[in-house]
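Protein chains in written order, with my numbering: chain G, 1432 to 1936; chain C, 17 to 312.
Take the hints with a grain of salt, since some may be wrong.
A short list of chain C residues far from chain G (calculated; beta carbon distances all over 12 angstroms) [what the hints assert, rightly or not]:
#1 Lys253
#2 Arg256
#3 Ser272
#4 Thr275
#5 Ala311
Below 30 angstroms or equal to it, Euclidean Cα-Cα: the simulated DSSO-like pairs (lysine-lysine) are [unchecked claim]:
#6 Lys114(C) to Lys1641(G)
#7 Lys114(C) to Lys1644(G)
#8 Lys312(C) to Lys251(C)
#9 Lys1809(G) to Lys268(C)
#10 Lys1854(G) to Lys251(C)
#11 Lys312(C) to Lys271(C)
Source of the hints: derived by calculation from the structure; they are not laboratory data. Where is the CB? At the ideal position from N, CA and C, for every residue including glycine.
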Amino acid sequence: MNKPLLQGALVGVLLIPAAAFPASDAEVAELRSMLGEMKAEYEQRTRVLENRLADAEREAARRRGEAAKSKPMTATVVRSAPTASPAKQTGGFGALTSGSAFNPQISVILDGNHYYDGIDGEGAALVGEAFQPSGGGHDHGHDHGGDEEGHGHGVTSNGFNFREAEIAFSATVDPYFDAHTYLAVDGDGNLDLEEAYLQTRGLPYGLRLKGGKFLSKFGYINQQHPHQWDFVDHNLPYLNLLGDHGLQDTGVQLTWLPDLPIYTLLGVEALHGSQEVFGATLGDAEQAELNLGDTRDGPRLWTAFAKVAPELGENHALQIGVSYAHTNQHQEVHSHSHVHEGEEEVHENGLAGNGDLWGVDIVYKYDADAAYGQGDIKFQTEYLRSIKDLSIRSSAHEELIGSPRKFTTDGLYAQATYGFAPKWTVGLRYDVLGLTNKVSGGESEEFGSSDRWTLDLTWNLSEFSRLRAQYAYSDTLVSGNERESFNAFYLQFLMSLGTHGAHVF
Amino acid sequence: MIQRIFLVLLGLLVLASTSAATVEVVAVSPSMGALVREVAGARADLTVLAGPNRNLHTLQVRPTMMRVLRGADLVVAIGAELEVGWLPVAIRSAANPKILPGTNGYFEAAAQVRLLDVGGAANRAMGDVHPVGNPHVNMDPVRMAAVARALAGRLALIDPAGASRYRGGAEGFAAKVDRRVRSWRSKLSGVPGVVLYHRDAIYLLDRFGVPLLGTIEPIPGVPPTGRQISALTAKLKGGRGIVIYTPYQSPKAPKSLATNLGWRVVELPMEPPRGSDGDGYLGHIGRWVNTIASAK
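Chain G with its partners taken away, still in its complex shape:
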């Protein structure tokens, strides 16, 4: 008997929605069409997604196919990239490299030799002390106010010598700078900062700015580290007019590569002027004693250079450069002795002034296209001329004070290497200091020159190791009228550890 009531209640409940939203036939039709549209839209989206999935699957299959097609080979292992393709990792914009993550690129160069000369091992130092009236920077026995022990590349004696381990780090700092650091550790463990500089990446108009401690772009060989030389030791003009390290200083360099049809590079440098030979200053005590004046604020050394390289086809490369350097402060002390009433008296003259240095360099390379450098030729020559315009500031002979002294010494080296067999090169060098070797001004005198012939044989076992034998005959002017001739032999090894190096021209 409750059944009809229950049914009625159910009908009522079911009708409530209809009653609450009274629906006409038109409304029902609209709802239906909306549902239909939604369904169609979802179906289309699903189809798009299905298509994309199918595409992805096809691509994956294609890649699998590509990988699977590599047949085993008998030579060595063939492996494919472990996960994502390299393109994915770098976005395809970078350079693929084995270098690891954010560590700087590191390389170490080991440079050792066995040396022998016929004059008790004095020869290696002597070639850097060839006579010039200005005395160069080698004021025999005078302290420059700095520690010179183990500082040079040329501390070589008869027997085994470990010249240096050069440790190089380089990296891109951020989008604006690259930076490089070169440390040299010599055989006694002395550490020398060879170079540490930043270089801009993004300046417009072909400009680049370098700052820090670096090897000047004056000349050609000045920028090279010893392991890049084609001979074991440095040439006479650089050794005697610039010192073991060449123009290595702290400052800034601006270069400009204009967009011209012929390669032309122009540059200027402002350098602090802490030099050993050209632009040398003495210690405080000596400056006071010899009335030379204080060391001026830097920059004291300025350089300007231009390089031009014509297009000669891909087998030939020629570069011609002109360089100039000026130092606004150069000091040196000259000593001479008198025998006075049977006793020897040493007199010291203090000189100060400024200096100019000119350089011309020509480099030509022939690339023979053959295996392991066979047939390649490299010819390189530089001329340097140093003019120091000084005056005597102090002397035991008072009449000399204020008298001008202009010291002019020049030098030249010319060298050639030839790849006479795969991996083997032979090199010949002639270098001379003092084609002009004179003092003028208050007193005038001209002196002779020092020269040397060097022959070397280099075996490049791989891109990373090199053995070299070198013979040199030197005829050195050791004082105004005294010469020393000797033979010198080197056996050298150069080992390159770490990242694959790239050298500038």
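Go by the hints and put chain C onto chain G.
Here is chain C on its own, set in the frame of chain G:
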């Protein structure tokens, strides 16, 4: 005099601005140049740095390379450290921020495709090894088609107005490759294999399933000794094959191996002739295919 210099400079400026209508592209080698020609046609003003007989790994930087790179909008390299001895320093010295690695203006073919010989010990006792992978992707026409597509994408970023030309060029090249690859596949099926000097043509061998029977140099960058050549001879004696070396590799060892085995020895370049377009490149691959097939 000064007026004359001024006029010359003005002339250069005008020249520079008129040529700016196209994209200045520098390709390291003729195969990369061929891709640029195929993809960009006249829209690219192309310079190729090295000729076909060059070893791109031992090439040395020349100042004139810097001059060319100075005004470039895009550098197209093979990459994966192949040009590591000269290209990075040439790019840095060119003082052109547009082409530094990581920017739109630096393109490496090897970074666009899957590489072979990836990994392995970073141990130079095994020679001049490059764990990043074998860079010689230019020897695989199929990978080159993929590189062409990627290059078209890159060129479109630099010169959006030419996007459709670039895409069309890349697709056209891919179609040419497809057609050739089918005939090459049948030509090369069942060939006995090849002895190479260096693992520089492995992408081609790998693509067509040609066995690499051995390499003349025992490890990369180190020439073989007489004893190593004798050992290789002993291993291959009685079999069939062909010895192929490139113009910059020493012919002595390949020739003596081939004489010992009674095989043919052929010198083939890794690169098509200078000035090649896509067809020139495919002709170059065709010469390799015919040479390898001749050992059947």
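How the hints compare with the structure:
A cut-off of 12 angstroms between C-beta atoms confirms that lysine 253(C) is not in contact with chain G; the least separation is 14 angstroms. With 12 angstroms as the threshold on Cβ separation, the claim that arginine 256(C) sits away from chain G holds: the shortest Cβ distance comes to roughly 14 angstroms. Chain G leaves serine 272(C) outside its interface by the beta-carbon criterion, the shortest separation being 15 angstroms against a cut-off of 12 angstroms. For threonine 275(C), the requirement that its beta carbon stay farther than 12 angstroms from each beta carbon of chain G is met, with the minimum near 19 angstroms.
No Cβ of chain G comes within 12 angstroms of the Cβ of alanine 311(C); the nearest lies about 16 angstroms off, and the non-interface call holds. Restraint check for lysine 114(C) and lysine 1641(G): satisfied, since their Cα atoms lie roughly 19 angstroms apart, inside the 30 angstroms limit. Restraint check: the Cα-Cα separation between lysine 114(C) and lysine 1644(G) comes to about 27 angstroms, which is no more than 30 angstroms; the hinted pair holds. A threshold of 30 angstroms between alpha carbons decides the hint, and for lysine 312(C) with lysine 251(C) the separation of about 19 angstroms falls inside it, so the pair holds.
A hinted pair counts as satisfied when its Cα atoms are at most 30 angstroms apart, and lysine 1809(G) with lysine 268(C) qualifies at roughly 25 angstroms. With a CA separation close to 28 angstroms, the supplied pair lysine 1854(G) and lysine 251(C) stays within the 30 angstroms bound. A threshold of 30 angstroms between alpha carbons decides the hint, and for lysine 312(C) with lysine 271(C) the separation of about 20 angstroms falls inside it, so the pair holds.
Violation of the numbered hints given earlier is absent; every hint is satisfied by the structure.
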